[in-house]
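Since chain A is already given, all that's left is putting chain B with the ligands on it; use the hints.
There are 2 protein chains.
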Amino acid sequence: MTLSLQTILKQRRQRLAEKFPDKALLWSGRAPARNFPANTFPFRPSSHFLYFAGLFLENAVIELEQGKLTLFMDNPSSESILWGGEQPSRDDIATEMGADRAYPLAELSPTNEEIATIALFDSTTYQEQCHYLQRTIPQPSQATGKDLALIEAMIDLRLCHDEGAIGEIRQAAEVSIQAHQAGMEATQAGKTEAEIRAAMEAVMIAHNQTPAYGSIVTIHGNVLHNHDYSHTLQEGDLLLADVGAESKGGYASDITRTWPVSGQFSPTQQEIYDLVLAAHDACIAMVAPDVEYKDIHWQAARIITKGLVEIGILKGNVSDLLANDAHALFFPHGVGHLLGLDVHDMEDLGDVAGYAPGRQRSERFGLGNLRLDRALKPGMTVTIEPGFYQVPAILNDPQTQETYGDVINWERLQQFSDVRGIRIEDDVLVTSEGAEVLTAPLPCQRDKIEAMTLIP
Amino acid sequence: MTLSLQTILKQRRQRLAEKFPDKALLWSGRAPARNFPANTFPFRPSSHFLYFAGLFLENAVIELEQGKLTLFMDNPSSESILWGGEQPSRDDIATEMGADRAYPLAELSPTNEEIATIALFDSTTYQEQCHYLQRTIPQPSQATGKDLALIEAMIDLRLCHDEGAIGEIRQAAEVSIQAHQAGMEATQAGKTEAEIRAAMEAVMIAHNQTPAYGSIVTIHGNVLHNHDYSHTLQEGDLLLADVGAESKGGYASDITRTWPVSGQFSPTQQEIYDLVLAAHDACIAMVAPDVEYKDIHWQAARIITKGLVEIGILKGNVSDLLANDAHALFFPHGVGHLLGLDVHDMEDLGDVAGYAPGRQRSERFGLGNLRLDRALKPGMTVTIEPGFYQVPAILNDPQTQETYGDVINWERLQQFSDVRGIRIEDDVLVTSEGAEVLTAPLPCQRDKIEAMTLIP
Ligand SMILES: [Mn+2]
Ligand SMILES: [Mn+2]
Numbered sequence: 001m002t003l004s005l006q007t008i009l010k011q012r013r014q015r016l017a018e019k020f021p022d023k024a025l026l027w028s029g030r031a032p033a034r035n036f037p038a039n040t041f042p043f044r045p046s047s048h049f050l051y052f053a054g055l056f057l058e059n060a061v062i063e064l065e066q067g068k069l070t071l072f073m074d075n076p077s078s079e080s081i082l083w084g085g086e087q088p089s090r091d092d093i094a095t096e097m098g099a100d101r102a103y104p105l106a107e108l109s110p111t112n113e114e115i116a117t118i119a120l121f122d123s124t125t126y127q128e129q130c131h132y133l134q135r136t137i138p139q140p141s142q143a144t145g146k147d148l149a150l151i152e153a154m155i156d157l158r159l160c161h162d163e164g165a166i167g168e169i170r171q172a173a174e175v176s177i178q179a180h181q182a183g184m185e186a187t188q189a190g191k192t193e194a195e196i197r198a199a200m201e202a203v204m205i206a207h208n209q210t211p212a213y214g215s216i217v218t219i220h221g222n223v224l225h226n227h228d229y230s231h232t233l234q235e236g237d238l239l240l241a242d243v244g245a246e247s248k249g250g251y252a253s254d255i256t257r258t259w260p261v262s263g264q265f266s267p268t269q270q271e272i273y274d275l276v277l278a279a280h281d282a283c284i285a286m287v288a289p290d291v292e293y294k295d296i297h298w299q300a301a302r303i304i305t306k307g308l309v310e311i312g313i314l315k316g317n318v319s320d321l322l323a324n325d326a327h328a329l330f331f332p333h334g335v336g337h338l339l340g341l342d343v344h345d346m347e348d349l350g351d352v353a354g355y356a357p358g359r360q361r362s363e364r365f366g367l368g369n370l371r372l373d374r375a376l377k378p379g380m381t382v383t384i385e386p387g388f389y390q391v392p393a394i395l396n397d398p399q400t401q402e403t404y405g406d407v408i409n410w411e412r413l414q415q416f417s418d419v420r421g422i423r424i425e426d427d428v429l430v431t432s433e434g435a436e437v438l439t440a441p442l443p444c445q446r447d448k449i450e451a452m453t454l455i456p
Numbered sequence: 001m002t003l004s005l006q007t008i009l010k011q012r013r014q015r016l017a018e019k020f021p022d023k024a025l026l027w028s029g030r031a032p033a034r035n036f037p038a039n040t041f042p043f044r045p046s047s048h049f050l051y052f053a054g055l056f057l058e059n060a061v062i063e064l065e066q067g068k069l070t071l072f073m074d075n076p077s078s079e080s081i082l083w084g085g086e087q088p089s090r091d092d093i094a095t096e097m098g099a100d101r102a103y104p105l106a107e108l109s110p111t112n113e114e115i116a117t118i119a120l121f122d123s124t125t126y127q128e129q130c131h132y133l134q135r136t137i138p139q140p141s142q143a144t145g146k147d148l149a150l151i152e153a154m155i156d157l158r159l160c161h162d163e164g165a166i167g168e169i170r171q172a173a174e175v176s177i178q179a180h181q182a183g184m185e186a187t188q189a190g191k192t193e194a195e196i197r198a199a200m201e202a203v204m205i206a207h208n209q210t211p212a213y214g215s216i217v218t219i220h221g222n223v224l225h226n227h228d229y230s231h232t233l234q235e236g237d238l239l240l241a242d243v244g245a246e247s248k249g250g251y252a253s254d255i256t257r258t259w260p261v262s263g264q265f266s267p268t269q270q271e272i273y274d275l276v277l278a279a280h281d282a283c284i285a286m287v288a289p290d291v292e293y294k295d296i297h298w299q300a301a302r303i304i305t306k307g308l309v310e311i312g313i314l315k316g317n318v319s320d321l322l323a324n325d326a327h328a329l330f331f332p333h334g335v336g337h338l339l340g341l342d343v344h345d346m347e348d349l350g351d352v353a354g355y356a357p358g359r360q361r362s363e364r365f366g367l368g369n370l371r372l373d374r375a376l377k378p379g380m381t382v383t384i385e386p387g388f389y390q391v392p393a394i395l396n397d398p399q400t401q402e403t404y405g406d407v408i409n410w411e412r413l414q415q416f417s418d419v420r421g422i423r424i425e426d427d428v429l430v431t432s433e434g435a436e437v438l439t440a441p442l443p444c445q446r447d448k449i450e451a452m453t454l455i456p
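Chains as they are written, first to last, in the UniProt record's numbering: chain A, 1 to 456; chain B, 1 to 456.
Here chain A stands alone, though its shape is the one from the complex (with noise of 0.2 Å):
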């Protein structure tokens, strides 16, 4: 049986006030201008905001106080119904949220009393933010008091997905899979990176979904966020898709496939992409409670250095190579990250959702990029995605030549040339049992390749 939107966002705001009994201000925030104020970028609301509200909507504020639900927002004006139609008013949205109360914008007072808050980006509503609560509300990663311990209180929540959540991630995943299907099947030689993003954008469009983020579609897999889609796909090029939609309630997924645009890898290809694989394979195997995000990050690394010195990449000891962050040359980012409301989940709020309390950031090589480092727990969604690339920025660094010029055999990785950049993402919920990965049905590179072979 699926819970309502009442009774998940009222079991939220209980847990919340388990954790945080103070009252909090949320804002949603407006959607931001395109050049001109009547013509707007789609409106997506603050996370923290949309987690307990549940609906886009712009230009709110909810009060929360020992799961209590206060709205407050303006009913839409007769000049809005009159180009924008029938729209639901304060008490229709209050009834279908099951919020407690609901008043105008105007009977949100500035106010000296001591209220939570968690300060959003857009300009114009941190100003409101601010007016309201009468202090300069510090950003998230530097918050402190009552503001520090609401954040606590919702990495706490945000962190574990209940089923509501979990349901909303799934319908993000199923849409991303299908977009990623359609991608498989648009890529032919001659199409542009542009097509192909098409092909896959379509598929969220016509499920009134949007991209969870900036997608990536390209031949160049070496350039980690390549927002370029202007190349012209060639026989022998890989195509690198990391590409995700974020649902209706504002969930995303993420995932990557890379695969070659002749239906067929080149056996250095095929070489890389079944280590890249076996190093996916490996770490999802091991999401399960308790396991440290980090042995995974650690394992992909393992299995990437390893498998480079069996095929001659790389020279020596694979713990010598592991201990000197050798395999960053190649997967230079973390395994993976949260994933929720955003993208990469609460990361407006700093390190302190991705780390667990007392760890930091390392400054090494390759591990400065991992973004999650806690234990794992039942109803985490985490991504995987182990990855190889041959970043110029990093192999045509004289600092990189100088430190790490012995263990690379240059000869050898001058035959790898075809293959730029591979990247195998899929997004996992740790269950108490172990893991389910849900963007599973997404059959991994091998099988499509298969299936593409069959298309006349």
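It is worth saying that the hints were derived from the structure and are not from the lab. Treat the hints with caution; some may be incorrect.
[To be verified] Restraint ranges, calculated between C-beta atoms of paired labels, are given here:
#1 A:Ala38 to B:Gly167: 20 to 28 Å
#2 B:Gln414 to A:Cys160: 54 to 62 Å
#3 B:Ala356 to A:Glu79: 23 to 31 Å
#4 A:Thr431 to B:Gly98: 57 to 65 Å
[Unchecked claim] Covered by chain A, according to a simulated footprint, are these stretches of chain B (three or more residues, beta-carbon under 8 Å):
#5 214-224
#6 339-347
The beta carbon of each residue, even a glycine, is placed where N, CA and C say it ideally should be.
Using the frame of chain A, we list chain B with the ligands on its own:
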């Protein structure tokens, strides 16, 4: 021969210098955060900046003085190159745009010198503007002194498009036409509005363009600014699609077509469609230099009123009905607007762009929504978009019923209940000879219906 970007930009700043010889500083702005700073909406620079900079440069400032261009922006950080790959340096960009000088942002220091600017709506950038210019910059519609002089010069320049701008609008129009064709082809009873929107926006994404504004794809065309896509198309419905792409250089197109889901209008739909089409065609035929755009608006109003009297929906004398704004009961918006870097070009400046000096927006029903009241000049690009709508907020309003109850034949209107909303919109360039419809190759609906019935 196509002019180079350098030549286009140089001509623009030389023309600015003739109208505004003093120093101006224009900011590009930043991509707004989508809940957390590392996850942003796509970046769209301020249109005023873009007009002189030509490129989508985030967090950049240009200084314009006597035809000279100085660029202030930072080189990509090593962090940014690590994750985002090789990127052009400040000097590369300065060369591409033909800047006379280029400095890092740090060279821009707060000054008491009286320098003109135009405020952005992005608060973060706005605060920077105020900081550097050491004053509270008024919103564009409240500007005075040098700021106002700069705004007036910008309007003079941007009202009439140069070759570069027209080329960009053509590119946006071409992709928008393909998007509408894809939408018509995808239309089928049982699909959702979202699926048709997906087919249309996929065309833009595939061409590395973006929607210039939030697409309207709806079977409830009477909701003028409808951004809901959840309904299922039924045989007998009309689908209204107001969908336009933005070119890579940031110029907008804006097209509306209304077509029957079944491929065949009902007799009532056909009757109203033909009326709106007649207004559309007659208005486009009027577009020429020195013609008052307001007269085109009244032409649309007159044709629609006359037609509605003939059909029997309105009762009375056409001139009296127009004098009493009765046409606005069914055609409540203006016949169109300026088109350029913004879909409602320069609407950030308020009516000072749309309304000729000395003219003010009327408070009359219908006419009060006219966005443009100027004599047309070669180079101007305007939309022509008459429509017919049954808006409940208008027709059910007691005041409407009191004022207009006698001129509406409610029984006759009842027979047209399958015509919720029809709009036909094209983009028209004023030329020295008359006009050119930039969105012309897209057939008006009748041709398409014939084509649709041919689809097996
Ligand atoms: Mn990820
Ligand atoms: Mn328009």
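Here is what the structure says about each hint:
1. A:Ala38 to B:Gly167: 20 to 28 Å: holds (26 Å)
2. B:Gln414 to A:Cys160: 54 to 62 Å: 57 Å Cβ-Cβ, so the 54 to 62 Å window holds.
3. B:Ala356 to A:Glu79: 23 to 31 Å: holds (26 Å)
4. A:Thr431 to B:Gly98: 57 to 65 Å: holds (60 Å)
5. 214-224: Since 5 is at least three, the answer is holds.
6. 339-347: holds (count 5)
This entry satisfies every hint, going by the numbered hints stated previously.
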